[in-house]
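Participant: So the chains spell out like this:
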Amino acid sequence: MSAESLDMKAIREKLAKAGGPQYWRSLDAVAETPEFQAFLHREFPSNASEWSDPVGRRSFLKLMSASIALAGASACTVQPTELIVPYVRQPEEFIPGRPLYFATAMTLGGVATGLLVESHEGRPTKVEGNPEHPGSLGATDLFAQGSVLTLYDPDRSQSLLQLGEIRPWSAFVAANKAAAQGQVSANGAGLRIVTETVASPTLAAQIQQILAQYPEAKWIQWEPTPRDHARAGARMAFGEYVEPLYDLTKADVIVSLDADFLASDGPANLRYSRQFATRRRIEGNGEALNRLYVAEGVYSVTGGKADHRVPLKTSDVPSVRPCARLHASACRC
Amino acid sequence: MQVFPKSANNWSRASIIAGLFLVAGLGWTVLTLQRSDFVTSANQFIEQPVQFSHQHHVGGIGIDCRYCHTAVEVSPSAGIPPTKTCINCHSQIWSTSPYLEPVRASFREDRPLQWIRVHDLPDFVYFNHSIHVKQGVGCETCHGRVDRMPLMLQKSPLQMEWCLDCHRDPSRYIRPRDQITTMGYQPAVAQSELGPRLMQEYNIAGVEHMTSCSVCHR
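These protein sequence lines are chains X and R, in that order. Quick note, the first sequence lines up with residues 1404 to 1736 if you use our numbering. Quick note, the second sequence lines up with residues 276 to 493 if you use our numbering.
Source of the hints: derived by calculation from the structure; they are not laboratory data. Glycine is no exception: its CB is placed at the ideal position from the N, C-alpha and C atoms. A portion of the hints provided could be inaccurate.
To be verified - Covered stretches of chain R, as calculated for chain X (at least 3 residues, CB under 8 angstroms):
1. 356 to 365
2. 371 to 377
3. 389 to 400
To be verified - Partial list, computed: chain R residues near chain X (C-beta under 7 angstroms):
4. S381
5. D422
6. S467
Just chain R, with the same shape it has in the complex (with noise of 0.2 angstroms):
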């Protein structure tokens, strides 16, 4: 006696077929995931103890980024300014600013402010602020439009691929080392021309250097 109808041949071919879109779909699903700002914390607001607005004082006023992150071309991190920084100016102005009550207390007790930290890259990565920026990578690349931050968040992704992807290829990302802290940059002339002279007057290494484990797992 037959167990199984006629259809089931169908049956079992479709689900053949069905079984393979739900493993791809599933992979598929699973990659979305993992670059998603959900994984990466891309583009997600943090709330700090001051409200402090990039967009006021970078794109509003126009102060250069390495008036507060004084160490961005000299040390592995940018440096966050302390406290004095702050007071210079608003000692001055604002100086009674409620939303500045915490800068002040800061200053007033001797107590450091905590801000939490955005770009959180993983311990096992060296990263290195000075060699990008004398190499020719401006702020804005890595950190997007920080004039127009409000509050300030993480823009790239900071994974692995994304920092592979510059480093196979720099030439179409560096500028002049005089347009490092511009914000919405330019090219003057075309970057497919630029990029390459300026790999070769700052002597950039290549790709086999660039793309070498120890670079940033060291």
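One chain only, chain X, in its complex shape (with noise of 0.2 angstroms):
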């Protein structure tokens, strides 16, 4: 499907000639090239593994079920030799059998939430939240789970390297030097370092260094999702960069205009949905309830815990006039 095959005027025309509102995904649907109409209809692209032996349903039955009774007998083997390796200097803390919990701190969007990791023999297995920290409360988000899976990530590299070949640290540093060097009297103008949101003063302290060495270079930093119009709005709303924090247990309404507080938006996430759950308790606490009006265009998880929710276009949204104790089709203003 390259560009090259596509007839742009024809598809000028056809446009042209259509009337009323089409939607399409790609030059090529719309020019309803032949490669698209098979890659429309094949389940598999081609070149995907396939199975085209021609080995029939009928042999194909009776191999497997010639496996399956087979496989029971797999169990009359004596099992295989298993070896105990003890340590040589036993780490003073440990227990064997029993896992060890560190504490730890990761960070998302600049935000650093405080976790506590199980580690078995050095190997930690399973992420869960610091009941200490104020951001985590002992919970954690989907991130923060999914991140103990990164450090088995086969396609994680195992050492250094440079082209597809292993090179020692030192080949590092010596490339890094001498890149260095040729920035020396450009003064930097070709050097761009390329960070995520870097919350820490100290890494940050040392690119401010690096910048001072080298007044031409710039620091760019990058999130696939950053939180710059939020920002943008606490400016607007206070006249600086703020942070507004949310004290849930302290409302009783809550109007909630697109902002999915209780899961992706934002990294106070996991403080308020403790905050939010500990305002809907029936028993114990001898609190009113607190409810919760939702305007949003999308399904969210915040807009699933409503108590009243209004579907909108996320443009109409900033035209919601929230008006409390009133019922949300009244807020429609």
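Join the two chains into one complex using the hints; note that each chain is given alone, in its own frame.
Facilitator: See the structure below:
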């Protein structure tokens, strides 16, 4: 489906003739190229591995039933010899067979969340929230839960590579030094540092040192899902960049305008979830339940928990005038 | 014309009885074989990287089990001692013995010893040393007279039948907690009287819980 094979003229003519709104996902779809038609109706792309062996259904069933019947016989083997490999010098807190828990933190979007990591003989296996950390309160989000898998990612490089060849660390240092030397005369005009949002004062100070050394260099912080709009909004409201922190335990009525504050919106969602939940208990604290109004353009966890949810186009959400103690339907101003 | 001679009647009767015996005999053979040391790998000496003698260290010197197997009271695994534990003493005594060269090499080169597992439970059962020790099951009850073993060997068959034998009525085996590591333990009073008393004292769960599948097959 290369661009060369597309007849742009035919596409323009076709679109000019068509009346009313038209939707397509690619130019190939509009042009209705034979490649696109084939792609649309084939379950697997070409060159995907296929079982084109001429073994028929009968022989397949014969083979599989024999395999299943023989699978039971595999239990009749003597267990293979197992080794026990103790430490040479055992770490002090370690008890064989019991995990150790380490307190750590994970940054996401520049905000660190306190975690506890279960470790078996030095291998981390499970991530849980640190109950003493204000951003976690003992909970974790899916990113923290999934982070343990990145340690065992088979695609993760086991050593230093250059063009697929294993190299020593000294080779990297030498190459880095040569590149840095080359930038001295240009004042770092060819130097760009790309990072995620850096919240560490130490790392930020170190990068600032580099920038002072190479005045022409630039430091770019990038996030796939940044909170720039929330920051800009906070600046409009308060005159400076601030991070609003809500105390949902004190809120009797919560109005959320396209903000998925319980799950995905912002760094404190674990804390907000816990706070929100404490005001939803019927027994115990004697306080009235809170009430949640949500106006949003897509489905979200917060919308799912809402007492009143108003589906709205995202562009219409700013026009909602929240009026507490009124029904959601009356809030469509 | 008669095809079979008259004696065929007797032969057919005899073969029915012989067939029954054959089936029973085959069943007996299979069941006996299944419980044999050949299958359970009990009572078989296994050569280890270091010919460590429990007989000498436990029976001769009288070192408590927990000096080396430190985790037995707090962990599912009793723990195999690190090389450092051997070197504690053997840097002073028998420090030039050729038998201990693998131990010294391990300590020198920071390379762990690789012992061969003697008690190998299947991976689909969960076993926890600490709970057994806490509830009064002595080391000797499962591991036998370790103080008489020049080389470690598996004394019990470690089959489910064997586990259940105790789980159905532990009072026949349990002993006071201060006698856990004693080898050649003899109850001070009759076991039939001591067992039920300890069961009550240690608050040991009833037979319904102890024989529930998920106690071991988690």
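Participant: Determine for every hint whether it applies to the structure shown.
Facilitator: Outcome of the hint check:
| no. | hint | result |
| --- | --- | --- |
| 1 | 356 to 365 | holds (count 4) |
| 2 | 371 to 377 | violated (count 0) |
| 3 | 389 to 400 | holds (count 6) |
| 4 | S381 | holds, 6 angstroms |
| 5 | D422 | violated, 21 angstroms |
| 6 | S467 | violated, 35 angstroms |
Hint check: violations occur at hints 2, 5, 6; the rest are consistent with the structure.
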